[in-house]
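Visitor: Chains as they are written, first to last, in my numbering: chain A, 1 to 302; chain B, 303 to 456.
Honestly, the hints are just simulated from the structure, not real lab data. Check the hints yourself; a few may be wrong.
What the simulated footprint calls covered on chain B by chain A, stretch by stretch (three residues with Cβ under 8 Å from a Cβ of chain A suffice, anywhere in the stretch; the number is not a length) [unchecked claim]:
no., segment
1, 410-419
2, 431-443
Think about it this way: if two alpha-carbon atoms lie no more than 30 Å apart in a straight line, the pair counts; the simulated DSS-like pairs of lysine-lysine are [to be verified]:
no., chain 1, residue 1, chain 2, residue 2
3, B, Lys446, A, Lys116
4, A, Lys193, B, Lys434
5, A, Lys38, A, Lys66
6, A, Lys239, A, Lys193
7, A, Lys187, B, Lys434
8, A, Lys197, A, Lys187
9, B, Lys434, A, Lys159
10, A, Lys197, B, Lys446
11, B, Lys328, B, Lys450
Where is the CB? At the ideal position from N, CA and C, for every residue including glycine.
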Amino acid sequence: MKNRSLVSITDYSKEEYLKILDLAEEFEKNPKQSILEKFVVATLFFEPSTRTRLSFESAASQLGAKVIGFSDASNSSVSKGETLKDTILTVSNYSDIIVMRHPREGSARFASEVSKVPVINAGDGGNQHPTQCLLDLYSIRKTQGKLDNLNVAFVGDLKYGRTVHSLVMALCNFNTTFHLVSPIELKLPSYVKMHIKNNNLNYFQYTDLNDVMETADIIYMTRIQRERFSDPIEYEKVKNAYILSASMLDNCKPNMRILHPLPRVNEITEDVDATAQAYYFTQALNGVFVRQALLATILGVK
Amino acid sequence: MESNIRKELVVSAIENGTVIDHIPAKSLFPVVRMLNLEQTEGQVTIGFNLDSKKYGKKGIIKASNQFFKNRDANKIALIAPTATLITIRNYEVVSKQQVEIPDTIEQFVKCVNPNCITNHQQITTKFSVIDKDDLKLQCHYCEKITGKNNIEIL
Ligand SMILES: [Zn+2]
Chain A
1 MKNRSLVSIT DYSKEEYLKI LDLAEEFEKN PKQSILEKFV VATLFFEPST
51 RTRLSFESAA SQLGAKVIGF SDASNSSVSK GETLKDTILT VSNYSDIIVM
101 RHPREGSARF ASEVSKVPVI NAGDGGNQHP TQCLLDLYSI RKTQGKLDNL
151 NVAFVGDLKY GRTVHSLVMA LCNFNTTFHL VSPIELKLPS YVKMHIKNNN
201 LNYFQYTDLN DVMETADIIY MTRIQRERFS DPIEYEKVKN AYILSASMLD
251 NCKPNMRILH PLPRVNEITE DVDATAQAYY FTQALNGVFV RQALLATILG
301 VK
Chain B
303 MESNIRKELV VSAIENGTVI DHIPAKSLFP VVRMLNLEQT EGQVTIGFNL
353 DSKKYGKKGI IKASNQFFKN RDANKIALIA PTATLITIRN YEVVSKQQVE
403 IPDTIEQFVK CVNPNCITNH QQITTKFSVI DKDDLKLQCH YCEKITGKNN
453 IEIL
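So here's chain A without its partners, still in its complex pose:
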């Protein structure tokens, strides 16, 4: 994986995911190591995403790397009309690896093809966000002690949520049974369901969140946004149907954990935060270790 870009979660094989997760575990035990002191990490955020940027910058800094870049395209040369190609070529002269987020889909793949240094995609529009997917896998493995043979429920907006699509694809390597809970209008796209079928795995679709409470090992919550509905009345009908509250957890499995890519709005009520099932804040922290593992692997020091 040395010197190889990570644009899409499908760029890595199952063995490669597992190698990253194992290494992330090492960093979790010992996150401060001066192993990237010789390296410069560029973080190019063509659209702001404070959470993701800080996670990458913290990961790099704790390993001793220098961090350069911008957090918002409006105060960089990009706002003067520089092409993505020129920005990437310039920055790849100054850095050993580029972490980029861009509002246009496909921008990261293109950047990885013109760049002289490897590129990590930190989100390209609604397309891919592979480090989110890796940290989700890490969180699932950590809470369940394994990735194989789990019952994973996805709840909310399964149509537009890119984190859901990537995670479903990745979990198809691990004999997962999928439980898909969403309003009819926001069902998982058929191409993702085809991917599940092609791997000889099963999925079940529900409209009621209560139906998966007793079977799920993981409940992956997502936010339902008003603007996703063609008919506002439909939104009003379903907006409160996909909210998880502490009282719903009475019959859940003791090992069940709740994940969420954050930020949440109201889809998990605050009384859930204090339960043993809440894992979403730790999940975000895991992102730092996974990103450390990626930087160290791609830069060739681990």
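Got chain A; can you put chain B with the ligand on it based on the hints?
Guide: Positioned in the frame of chain A, the structure of chain B with the ligand alone reads:
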């Protein structure tokens, strides 16, 4: 079939070159553009709205001294799947083949996704053909699928 082609070739036979027959009439000029025939120096005969028993109205292109690579010729399958490619040497048909949709397509096709980077910067589009029967092209960049009803030729 063989005798039909014979008859037409006689009408304006070419000594060496390529005849592209059975192009749906509406796709004739897009095919001309796709093969860049507007820029060619050589002789090109174009027939438009000719009667065809099989396809209603058809188009035909006869390009003297031009031989298309399979890769190029196959691109036209996207808009003219019925087209036949006939290679002529010394007034003789040396090969005749149905165009075939290739596995990958570069240039020519616009990505259907308005938020795709290729629609905002000078980037050559690239697709892999994931379904040839029910034409589906997956963008190499944004990964979205352009279906046969959305195909727009650049
Ligand atoms: Zn595209």
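Visitor: Now, for every hint given, state plainly whether the structure supports it.
Guide: Going down the list of hints, with the structure as the test:
1. 410-419: Holds, because 5 residues of the segment 410-419 of chain B bring their Cβ atoms closer than 8 Å to Cβ atoms of chain A.
2. 431-443: Three-residue rule met by the segment 431-443 of chain B, so holds; n is 3.
3. B/Lys446 - A/Lys116: At roughly 26 Å apart (the allowed maximum being 30 Å), lysine 116 of chain A and lysine 446 of chain B satisfy the hint.
4. A/Lys193 - B/Lys434: holds (20 Å)
5. A/Lys38 - A/Lys66: holds (8 Å)
6. A/Lys239 - A/Lys193: holds (24 Å)
7. A/Lys187 - B/Lys434: holds (26 Å)
8. A/Lys197 - A/Lys187: holds (16 Å)
9. B/Lys434 - A/Lys159: With a Cα-Cα distance of about 26 Å, the restraint between lysine 434 of chain B and lysine 159 of chain A holds, given a limit of 30 Å.
10. A/Lys197 - B/Lys446: Distance ~20 Å between lysine 197 of chain A and lysine 446 of chain B Cα, so the pair holds.
11. B/Lys328 - B/Lys450: holds (16 Å)
The structure agrees with every numbered hint stated previously.
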